[in-house]
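Using the numbering used here, the letters of the sequence shown map in sequence onto residues 10 to 223.
Hints listed in this document are in silico derivations from the structure and should not be mistaken for laboratory results.
Careful, some of the hints might be misleading.
Stated by the list, open to error - Beta-carbon label-pair distances, calculated as ranges:
no., residue 1, residue 2, range
1, Phe160, Gly120, 43 to 49 angstroms
2, Phe160, Asn116, 24 to 30 angstroms
3, Gly51, Ala79, 24 to 30 angstroms
4, Ser96, Pro150, 30 to 36 angstroms
5, Pro167, Asn56, 31 to 37 angstroms
Heads up, the beta-carbon is just placed ideally off N, CA and C, and yes, glycines get one too.
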Amino acid sequence: MKISIIKVPTAVALTLYSAAAAAVAPNVTAVPLGSSCTSYPGFDGSNAGPFIAVADSTGWAVDGIGLNAAYYVDGTHRYGYVIAPASVPTTNITLRCSNSTLQAQLNMAVGGEATWQDLVISGDPTLEGALGFGFAEDRYPNIPVEPYWHFVDEQQVPGVFIGAKGSSTFGFVDNWAGVAGEYYLLRLLGTEGFTKWEIGKRDTIGFLKVTYDY
């Protein structure tokens with residue numbers, strides 16, 4: 010596998026947002042690993058998993074907490090966002106890589122069984138690079154999620170991180186939704202069109218790290 014080193018736009022994000030964010034992720038070099046499942050935990054020769062992903066390097070209490078999902082319905086269409094809960098959830102969404110695609114086990118029908126859904130970065134500018142599933146593609150194609158290695162001062166950081174289009178830095182956007190409580194929406198930074206929203210005092214930036222623990 011040919012690996013090219015791409016400088017992730019974290020430095021740009023820090024320049025724009027460090028004054029507003031309470032904590033900042035370290036400046037890293039991100040190495041894209043392609044779309045193959047070989048880089049994910051539990052690779053068996055074709056697919057990989059199950060595994061989870063956790064918040065990483067935000068400098069806040071959310072670090073190390075596994076991801077969950079927030080569901081919405083538009084007419085008859087059910088979709089949603091991958092979120093980082095502000096406190097440890099009772100369960101984490103389970104991930105896998107199948108057919109070179111990162112997927113999550115999600116309940117797409119109320120009361121129905123969980124099924125595997127592709128995780129993507131929304132290409133719709135109004136969703137500002139949101140990480141989620143079931144997004145409509147009638148006008149803007151979604152962006153596939155890819156694995157990355159991280160390097161700091163030419164030393165590899167243990168683990169695999171997720172991102173897309175050369176960026177693995179996410180904005181953690183503070184949100185509150187009734188019974189769901191407080192959580193962070195996840196927006197990919199650094200890609201064209203996804204750097205215009207401002208990080209508030211309750212927001213931060215960081216990474217999403219893949220781990221065996223689930």
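Each hint tested on the structure:
{"no.": "1", "hint": "Phe160 / Gly120: 43 to 49 angstroms", "result": "holds, 45 angstroms"}
{"no.": "2", "hint": "Phe160 / Asn116: 24 to 30 angstroms", "result": "violated, 37 angstroms"}
{"no.": "3", "hint": "Gly51 / Ala79: 24 to 30 angstroms", "result": "holds, 26 angstroms"}
{"no.": "4", "hint": "Ser96 / Pro150: 30 to 36 angstroms", "result": "holds, 35 angstroms"}
{"no.": "5", "hint": "Pro167 / Asn56: 31 to 37 angstroms", "result": "violated, 23 angstroms"}
Checked against the numbered hints above, the structure violates hints 2 and 5; every other hint is satisfied.
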